[in-house]
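There are 2 protein chains.
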Amino acid sequence: MTTTSSKTTEAPATGESAEATETAVPTTAPASTRPPHAAGSSHRTTGSAYPTTGSAHDATDNAHDDNASDHGYVHGYSPAEARRLGNQADTLAELLHAGTAYPAGSRVLEAGCGVGAQTVHLLASSPGAELTAADLSADSLDQARARVAAQAPDARVTWHHGDLHELPFADASFDHLFVCFVLEHLADPSAALTALRRVLRPGGTITVIEGDHGSTLFHPDSAAGRATVGQLVHLQAAAGGDALLGRRLHPLLAGAGFRDVAVRPLTVSVDGSRPALVEGFTRRTFIAMVESVRADALAAGLTTAAAFDRGIADLRRAGEEGGTFHYTFFKAVGVNP
Amino acid sequence: MTTTSSKTTEAPATGESAEATETAVPTTAPASTRPPHAAGSSHRTTGSAYPTTGSAHDATDNAHDDNASDHGYVHGYSPAEARRLGNQADTLAELLHAGTAYPAGSRVLEAGCGVGAQTVHLLASSPGAELTAADLSADSLDQARARVAAQAPDARVTWHHGDLHELPFADASFDHLFVCFVLEHLADPSAALTALRRVLRPGGTITVIEGDHGSTLFHPDSAAGRATVGQLVHLQAAAGGDALLGRRLHPLLAGAGFRDVAVRPLTVSVDGSRPALVEGFTRRTFIAMVESVRADALAAGLTTAAAFDRGIADLRRAGEEGGTFHYTFFKAVGVNP
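Each protein sequence line maps, in turn, to chains A and B. Under the numbering used here, the residue at position 125 of the first sequence is numbered 125, and the numbers go up by one with no gaps. Under the numbering used here, the residue at position 313 of the second sequence is numbered 313, and the numbers go up by one with no gaps.
Worth double-checking, as some hints may not be accurate.
What the hints assert, rightly or not - Quick look at which bits of chain B chain A covers, simulated, 3 or more residues with Cβ under 8 Å:
| hint | stretch |
| --- | --- |
| 1 | 251–258 |
| 2 | 264–278 |
As the list claims (entries may be wrong) - Coverage of chain A stretches by chain B, computed from C-beta distances (three or more under 8 Å per stretch; other residues unrestricted):
| hint | stretch |
| --- | --- |
| 3 | 208–215 |
| 4 | 259–267 |
| 5 | 271–285 |
| 6 | 320–327 |
The hints are simulated quantities; they were obtained by calculation from the structure and are not laboratory data. Note that the Cβ used here is the ideal one computed from N, Cα and C, for glycine as well.
Kindly generate the complete structure, drawing on both the sequences and the hints.
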């Protein structure tokens, strides 16, 4: 971990309560490879009632958990999931990372870096920052290291293997925290935020990005499609997470002691005018994510194969001629008092 | 109707297919009084199976329909509804009207101006435009006239009483069309768009704004609250409308022959950091809208009084300490080939 000090603070996203802001260096993140849902410090519960096996194609390479916990990464750790995370991150990089750029020398912790899908975009937006990337899964960290080596060979990253609830860093070790698609997989996101705030210096910022599957809208609408998304929400809840967490980022951060919390909705809106998003988001990010829980949904008795497959088929229609698909992420920025 | 000619065209909102754009004059609309859901050319079906009676407080002043049709304005025509529309428009003016400003002298038709809730904001953003405002309800037009006289006394507006499906204007009479919270109340929005395109000159633009009640997210989440919103959706569908229309604006406009259609999601995100929106949007716009169909929902046997009231009470929690509320509008711009 680097110790270069910095006084720069990221501006709250909506600017409605920016009095604590010192400097903001907005940068457009170039598209490379960096995935959401790379929930780092959460992971699949071995032997869970809802084991996540990734997509059927890669189920054999799916047992890399190196630690047990009562949290569950519902999407699993398969190569297919790592690819999905990469697709998601690349497709969404500009949307999610816009406005997030840390000054050279600032000490940044990415808590829950997973396979490094977001890490490479963080590095692209903040090339001079001193980044520490932490994750509970050693296997994910290995993948993150490889991804950064391939895509940002000159980047300096300190890798930390451990639980974000029990980070060994001294109080106020970091100027900024970045937490993307992690809280949704934790049993107690408030406790995680409180633990993270300890290592953030006073005046430093936290940036949290989460989705909310309840925001999913598609045309043609379909009860079967909605039910299939609901089964993913159910499985994630059963694994101790919350796929509807995005909507409550403000009270979560405020409750954990951050102030000047500002939350911005970031909606991905996909229709025939955006063919790249149809492929990159509707199909390879969202539908792939839902489809990956098929075996778990069947094993849990939540649905039948026919009903699940009909739901997926209906979701796919949103990516066809005349279809539309919409999903809202929430990006929160708060300041440590 | 004015006949001043103009060659200026509003830019497609997302700019992804702006080749036909000639000029755009973005202006921030000052907040005055102009309401969404002022569905103009649609109105309540007299004697409908789902009569809309407005809020219980104003049910006595609720029979101003001057025309029959097979469309239904599910929210009714009460003074309370007119106030709600005004609150909604004022609260959302900046969000919805940003980027919509028409050059001086351009011929603009607001189709379905209702009580003028959006009209006054259009006038504020485009003070030099030659505006024609049309609505099917003579009573609503009277209210619109009064609103404009009070809030924009110097504005020149040509008022037209009639059905937007049968406008008496010559082909290509307008440079721009503005249609806000109207299509959601029509039995055949495609037919309406086709009829409107006839009076738009080649190269002219249409701007359409619609909500989508399926986008409603709130915290704390509540099945009762969601069910209550669903009852409004059901009633609107029974009246021939579609409260989930926002998501399908792109195929609707493209299907009606507009090109370079660009749709932007506009999400209102309300939490403790935005107390004005808690009052102006969550309570006085959204919850008031849902609450106004209470009698109809009960009459239609969709719910019980206790269940409906519990849903409203749960929705109100979203406006209390620690609560959040989110809703997405969709704004589409298309060009007439």
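Hint by hint, here is what the structure shows:
Remark: the stretch 251–258 of chain B is confirmed as covered by chain A, as 3 of its residues place a Cβ nearer than 8 Å to a Cβ of that chain, reaching the required three. Coverage of the stretch 264–278 of chain B by chain A holds [criterion: at least 3 residues with CB-CB distance below 8 Å; count 8]. Coverage of a stretch by a chain is defined here by at least three residues with a beta carbon nearer than 8 Å to that chain's beta carbons; for the stretch 208–215 of chain A and chain B the count is 3, and the condition holds. With 6 residues having a Cβ less than 8 Å from any Cβ of chain B, the stretch 259–267 of chain A passes the three-residue criterion, so the hint holds.
Three residues within the 8 Å Cβ limit are the bar, and the stretch 271–285 of chain A against chain B gives 4, so the coverage statement holds. Remark: the stretch 320–327 of chain A is confirmed as covered by chain B, as 4 of its residues place a Cβ nearer than 8 Å to a Cβ of that chain, reaching the required three.
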